[in-house]
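Number of protein chains: 2
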Amino acid sequence: MKKKHKLARGVAVVGAGMSKFGMFKDKDSKDLFAEAFREMLASIDKGFDPNDIEALYLGNFTNDFFIHQGHWGPIISDLIGLAPKPATRTEGACASSALAFREGVFAIASGFYDIVLVGGVEEMSKRTTEEVAEGLALATVPYEGRVGFTFPGVFGALATAYFHKYGANREHLMNVTIKSHSNASLNPKAQFPFSIKDMMTMKTETAKKKGKPVPHWDDEKAFLRDPGANPVVAWPMHLYDCCPISDGGACMLLVAEEIAKNFTDNPLYIVGIGQGSGKGLHAAADLTTMEATKNAADEAYGMSGLKPEDIQFSEVHDCFSIAELIHIEDLGFFKPGQGYKAVEEGLTRRDGPMPINTSGGLKCKGHPVGATGIGQLFEVWKQLRGEAGERQIPNKDLRIGAAHNLGGTGGTCTFTILERR
Amino acid sequence: MKKKHKLARGVAVVGAGMSKFGMFKDKDSKDLFAEAFREMLASIDKGFDPNDIEALYLGNFTNDFFIHQGHWGPIISDLIGLAPKPATRTEGACASSALAFREGVFAIASGFYDIVLVGGVEEMSKRTTEEVAEGLALATVPYEGRVGFTFPGVFGALATAYFHKYGANREHLMNVTIKSHSNASLNPKAQFPFSIKDMMTMKTETAKKKGKPVPHWDDEKAFLRDPGANPVVAWPMHLYDCCPISDGGACMLLVAEEIAKNFTDNPLYIVGIGQGSGKGLHAAADLTTMEATKNAADEAYGMSGLKPEDIQFSEVHDCFSIAELIHIEDLGFFKPGQGYKAVEEGLTRRDGPMPINTSGGLKCKGHPVGATGIGQLFEVWKQLRGEAGERQIPNKDLRIGAAHNLGGTGGTCTFTILERR
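Chains U and H, in that order, are what the protein sequence lines are.
Remember, this note's numbering sits 68 above the position in the first sequence when you count from 1.
Remember, this note's numbering sits 68 above the position in the second sequence when you count from 1.
Think of the hints as simulated: they come from the structure by calculation, not from any bench.
Note that beta-carbon positions come from the ideal geometry of N, C-alpha and C, so glycine has one too.
Treat each hint with caution, since some may be false.
[Said to hold, decoys possible] Facing chain U, according to a computed beta carbon distance under 10 Å, are these residues of chain H, among others:
no.	residue
1	Ala-123
2	Thr-130
3	Asn-131
4	Gly-141
5	Thr-156
6	Ser-164
7	Arg-170
8	Leu-206
9	Val-209
10	Arg-214
11	Val-215
12	Phe-231
13	Ile-341
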């Protein structure tokens, strides 16, 4: 019997904001965070004085070595007028801001603070693809990065293991990609707000304009099979299996449950926060599952008293298409080896029984690593409040949504469950 | 009237360990953390199963860019057998592990965990002095580092401002250095366990052995005035005003107050935890004070109900000699402009009324940046439990001690008060 974690004091989300994700060479981390912060302020229905914020937690991974500026807690604190109040940076590679969210929850649940801002930011596009690949590999464990693994290679190895164990193949990964792009086409903040059909049309139009041979594909899978349109990166990971390099910021305002209604009539309550750590591929008995995700799920389900079947929709960390399959199994949404079939059958579509990554996911919404964790929770916020616009999950009374964030090759995982009451 | 912060649940320290600090080119971060972890385990009087640790918070600043390995939470989690349980890295430049300590306190006070390991580690000596100076400058705000400031220059500017405002001079800084070295000579874990007199003797002996002209200094200040022995770094900061480049690790076991006596009959209780952020020198109205330290002090005094005069001794962040003077004033131990006189009068000596940096401080104990915050609390632990050996503060019933940790140029500050009951 697992220990059931409890918080001494409830915590709620009362405001949320997210910048557009994309490659913005003319914007820096402060611009990106400010964009999210302004939207967060505007989202608080009953108004709010930002001077009431008592502390900041900020997730960031790469700014130290990509833009040669560290110590981002006080920089963002200064930006939003928080200084001299505390600002703490958390880092768990691509899960950095989900950790910030969790520390914000603890800081309020501890009784020390009542109103805490949590956020994340990342500024990646000023580096070349090669520099980003090498830099992000700092998040692998020493036995991986130092033997030459970068992330597409790592997830290529996981995909190969998954194929071998369960009989899946590249065609199944394409189902993930097609679904993500379909969702992203309805998300104006996505880096690639295009369905695969949109991409096919754009490529055709471009060829026509340039007077080049006009390509034709019978359907989306034909497009994804075409090595010209979708070249291999690290087999079986092709271009459309991989998330992009992104810039972006996101933030949320957390408050003690008992004062949540002072900010909005529609707060979201934090009913489960789980986290786990993992050893890396060299020590994994099975490459088709991640122990850190399972620990995060155990903690979050244990705290909430909920079961996987109670979660109505979830964002999961699809840095690569294969990751989505592995996570939806580890989180208990589908049985081991059944994830790829569930996607094939449309069960994870926006209008299916278990929508996954309605935002478009990291693949299409973008993956500014330090902003991603709270960016995922931003989608949960939007869906649970019925504010997701064209991509709103249809025909459901949404009450419980979740987000799963991964750092490294399974080194850090979080799972967070939000409820609308 | 300031808000009085409270924790919903008390938290205690029941074990502590610290590696020797120094330059260890043959040791990596895992070696250094393991050294601290083993001592922590041995320090728990009533025994303890490390499998009972529920989560880890780890402070580190430079490993990403100095040794090209990031994402240290899961690496240390794996090292100590914690995986798949959670591991979170905190970063606030040189205050990184004081932040880890604080998050560990919140995680337990929130009710979520009962037993949490907090620690810090840093591996700096594999880089040249120039690389370290440039790398650490990532912790300055953009308006400082990018105009060419490195840390000796920043603190040189603070010293100049202090001299100008209060009429102090270099001779007063020397009093800080002489005291720190005197304390460090009694600390076997210090990087420089030598008094200034020891240094004078060693230099004399070395000259004799090498057949070189044998230097003579009338007293310690004569040695510190000699530009051959104590060259200028960034005026008025000379070599003996500056902390060294160091490697080291430190950790502490935190538990819920109600179970503390299961681990030891002599736990220390966390009665004050304060933190603040600052904007940097460009925005400071007065360079002789730090708003982040004052906010940290307000929070910690407010929570504890204690006043500065209730603190019996303190470690403070003396990355440079001038920093010690500024901090002992900002923390309220001495009035503004009186710190340098207090040191001159011997009030901050080990046998004085307000001992400061009995460990030898960062200047002499060493400053492996991510390990420093918990390394300071390790000294408080040793002194409060009467285990500080030759450097034990004499003739006092020690009940309340504190530690002040600084990151950057005042960007992040913490102040932590521990009590023995």
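Which numbered conditions among the earlier hints are violated in the structure presented, ordered from lowest to highest?
Structure breaks hints 11, 12.
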